[in-house]
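Q: Add 117 to the 1-based position in the first sequence for the working numbering, that's all there is to it.
Just so you know, these hints were derived from the structure itself, not from any lab. Don't take each hint at face value.
Below, computed lysine-lysine pairings styled on DSS-like, alpha-carbon distance capped at 27 Å [to be verified]: (1) K434 <-> K358; (2) K584 <-> K564; (3) K221 <-> K154; (4) K324 <-> K578.
Remember, it's a predicted structure, so these values are computed and weren't measured experimentally.
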Amino acid sequence: MAKEKKVESITSMDVDFAKWYTDVVKKAELVDYSSVKGCMVIRPYGYAIWENMQSDMDRRFKETGHENVYMPLLIPESLLNKEKDHVEGFAPEVAWVTIGGQEKLNERLAIRPTSEVLFCEHYAKVINSYRDLPKLYNQWCSVMRWEKTTRPFLRSSEFLWQEGHTMHETAEEAREETMKMLKVYEAFYKETLAIPAIIGKKTEKEKFAGAIETYTIEPMMHNGVALQGGTSHYFGNGFAKAFGIQFTGRDNTLQSPHQTSWGVSTRMLGALIMVHGDDNGLVLPPKVAPIQVVIVPIAAHKGGVIEKAEEIETSLKNAGIRVKTDKSDNSPGWKFAEYEMKGVPLRLEIGPKDIEKGQCVLVRRDSGEKVFTPLSELEEAVKENLQAVHDGLYQKALENLKEKTHTALTYDEFLETAKNKPGFIKAMWCGDEECENKIKDETGGVKSRCIPFEEEKLSDKCVCCGKRAKHMVYWGKQY
RNA sequence: CGGGGUGUAGCGCAGGUGGUAGCGCACUUGACUGGGGGUCAAGGGGUCGCAAGUUCAAGUCUUGUCACUCCGACCA
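Input sequences plus hints: build the corresponding full structure.
A: Next comes the structure, spelled out in structure tokens:
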């Protein structure tokens, strides 16, 4: 018996977090590897989670006035080269198409690593007057970046994402948009994924290639490592000038519009796994769980059990809950383990004894808590418990974030913390890239995560060089 | 791009000193079972990553090569 368990079981988080992650990803049937390195097959269960995220976010984008479009997959080299900082940032990881059919192409075509330049090329044609602004476009697509080392969801060569690209009449308006979309991400993380996060501004060193300012949302994984969870950039009019995008303003002068872009990717699935998951597998927040309640009939051969399960399924479905009844021949124990692995938020057990008493058993995935629930109150009980799972997950993640956020006032303290305590470190910074580099080198990879919107004044001096501090920065290792 | 690891059935693995491939799980069929990964019985499934070489004979030895994976550097 122990042997069988071993085959199917997953590596414990505390033993090897990286192994635990890949075990969960595979055993929960989220992805499969393909024959091209870094390109993953997203399986039905994984894709269903993505679709739930997608539709929730898409709604939020539309509520804030955005429209969806689709841009081409291929970008001519000359187009990609138009904005210098941008190309330099992406050049090392671009994949190229050089042959079409049998013929070598005169100009090679980049497989989009991001679509700024495509949007700009198009905007140059359709923006002529201040009356054409703002343009608030978003696209759902996949992009490709030739990554050296890859991991499912966290860093794959091809990944699915959303990229919003907007053009505005004034810098102020564009800055507002940048901030607005960051807040949309923050709300999505909290309300839909049950993930708390730090939001703030990236340092010069860490900002996006070609951006004036980059804002970021930084959730913390269970092991204290950060994951850049989404970014929102303010571009000023640099791209607009490079691409000759001009409009006639209200004062009849020719002006360049101000631009933003913002994106989140399937990487969020990685965050979901690493923030909420446990040693039994995935734990999904109810809002994105493809199955919110799994019904496990007990002693299903006995009269009436299957019928009762189906009756419950129908009534819950009618109440708008995503339900599945597992009528397969597997043993109840097998089913319990299976749906725990897949992170289903609530399990409903119904057997002959329950039917006699007019009740069923509800079990929460996050806490393992079991409650007998009268069938007459089931619908409300399920809704309450789903909400309780969401809240429980958020609270637990928030506690982890708090517990693993440390403060360092001196450099020794910083090094000591970086070495021994996983998580974020709050520390003062002078604003020089030199200190960022020094810290990264001497800690084995701790980087500035962001300058938070809510800064605290921990001291007057930079934790690294001792010079006058300009900002408080969150530091940490990242995926 | 540096450092480690692994390629044998769908998955996980075993196959000292060369002799024609096996185990567990999964799968198929049937019966019994059923409140934490059930039991029994009978089955199906493999050009041993690829390519050369040594040999009467290579999963095993030699050389090369490819892929995947983990840890770093780079990035969402």
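Q: State for each hint whether it applies.
A: A quick look at each hint next to the structure:
no.	hint	verdict
1	K434 <-> K358	violated (54 Å)
2	K584 <-> K564	holds (19 Å)
3	K221 <-> K154	holds (25 Å)
4	K324 <-> K578	holds (24 Å)
In this structure, the one hint that does not hold is number 1.
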